[in-house]
Amino acid sequence: MSCERMESRILAYVDGRLNESERAEVQKHLDACPVCRVRATEFSSVSDLLDELPVIEPSPAFDVRVRARVAAEPVKQGWWALLWTTLRPSPRIAFAASMLLLATVFVAYRGVDQVPPPISPDQADSEMMQDLSVMEDHDTLSNFEPLKELPPPVDTNGADDDQQQM
Amino acid sequence: MLDVKAGDEQSFGLLLQRYRTPLVNFLYRMVRSREQAEDLAQEVFIRVYRAREEYVPSAKFTTWLFRIATNLALNSLRDHRHQKLEISMDAPVTTDAEDGDEKPFEVADKHPTIEQELVEEDRKKMIRHAIEKLPEKQRAAVLLHKYQELDYAEIAKILSVSESALKSLLFRAYESLRVELAPLVTRHGAK
Numbered sequence: 260m261s262c263e264r265m266e267s268r269i270l271a272y273v274d275g276r277l278n279e280s281e282r283a284e285v286q287k288h289l290d291a292c293p294v295c296r297v298r299a300t301e302f303s304s305v306s307d308l309l310d311e312l313p314v315i316e317p318s319p320a321f322d323v324r325v326r327a328r329v330a331a332e333p334v335k336q337g338w339w340a341l342l343w344t345t346l347r348p349s350p351r352i353a354f355a356a357s358m359l360l361l362a363t364v365f366v367a368y369r370g371v372d373q374v375p376p377p378i379s380p381d382q383a384d385s386e387m388m389q390d391l392s393v394m395e396d397h398d399t400l401s402n403f404e405p406l407k408e409l410p411p412p413v414d415t416n417g418a419d420d421d422q423q424q425m
Numbered sequence: 063m064l065d066v067k068a069g070d071e072q073s074f075g076l077l078l079q080r081y082r083t084p085l086v087n088f089l090y091r092m093v094r095s096r097e098q099a100e101d102l103a104q105e106v107f108i109r110v111y112r113a114r115e116e117y118v119p120s121a122k123f124t125t126w127l128f129r130i131a132t133n134l135a136l137n138s139l140r141d142h143r144h145q146k147l148e149i150s151m152d153a154p155v156t157t158d159a160e161d162g163d164e165k166p167f168e169v170a171d172k173h174p175t176i177e178q179e180l181v182e183e184d185r186k187k188m189i190r191h192a193i194e195k196l197p198e199k200q201r202a203a204v205l206l207h208k209y210q211e212l213d214y215a216e217i218a219k220i221l222s223v224s225e226s227a228l229k230s231l232l233f234r235a236y237e238s239l240r241v242e243l244a245p246l247v248t249r250h251g252a253k
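Chains as they are written, first to last, in the numbering used here: chain E, 260 to 425; chain D, 63 to 253.
Pulled out of the complex, with its shape left as it was, chain E reads as follows (with noise of 0.2 Å):
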């Protein structure tokens, strides 16, 4: 293995992330190479040196601001929510809208009430036999002959004038 292929392969080599055979490879090049050793020792350094740096921890707030952050994110509505949404009517036309409906409910209502009740058939034959006579009389009279020769009818009212002048 030549210096130059052992750039790609130093770093893993010193965090133990090659394999048995690379590991094999990359120790055969150190055990000849002195400026291949020192470097992989001094990487080796500053890894040490990096595990040095203290962690944070992040501040007590930190949970509730992004908790906050989250509950003020807006809703995912499906499909019908979100047509719902947009078609639903403000509360002064669902109103209006009610009061309309309760109106035409209370006319035709009141409508059906003013109908005459329904007449059964042997009602309205009592009642055209009551209105008979009537019936038959009016027959008569219009139908006889006699009648229909007389002269028009004279002015009472004036004929009782005279009779009382006399």
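Everything labelled a hint here was simulated from the structure, so no lab data went into it.
Even glycine gets a Cβ: it sits at the ideal position worked out from N, Cα and C.
There may be inaccurate statements among the hints.
[To be verified] Interface residues of chain E toward chain D, partial, derived using beta-carbon atoms under 7 Å:
#1 Leu270
#2 Glu301
#3 Pro317
#4 Gln389
#5 Val393
[Claimed, not checked] Derived contacts from chain D toward chain E, CB cut-off under 7 Å, selection only:
#6 Asp101
#7 Phe107
#8 Ile108
#9 Tyr111
#10 Phe123
#11 Leu136
#12 Ile189
#13 Lys229
#14 Phe233
#15 Tyr236
#16 Leu239
#17 Val241
#18 Leu243
Given chain E's structure and the hints, the job is docking chain D onto it.
Chain D alone, transformed into the frame defined by chain E:
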């Protein structure tokens, strides 16, 4: 993540709990500002939440998560480059303010003297500065490789490079760190 996708809010809480610390640390080491790192980490979680319904488990969740985080960090660095330069120019010579954020989290296991503490502080500052001096993509590669322990294939996907290009990036980064940290490397080797 599939539970989050199915609308399970509790699973999102678990994701938050599991990934907030690695994410904030990665972003902090990328942008060098705790406040900015937390803002970016929040943004990562919000983007994950927003994209939950479109999530397809074709790649590992961590790859997806750190890809979002890396892109946000790189964009933020580009946006704040001029601003950062101005801050550096105005910063006091003793850069305590820059490193002050981490002090409460550095727990001393022994009882070092003030002098030892200063030496340790200088050492950590040097390491931080060495990482900070790396070009952005090399820095992201080192942080993902070293601290998130992601494999080469995952890091390559996150950075949108080939695996061989990633190995080359990492090699150059470690070469730079080796030079930059030479005094510590020598002393470290002598320990």
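*Against the earlier hints, flag every one the structure doesn't satisfy and list their numbers going up.*
Hints 4, 5, 6, 10, 11 and 17 contradicted; others consistent.
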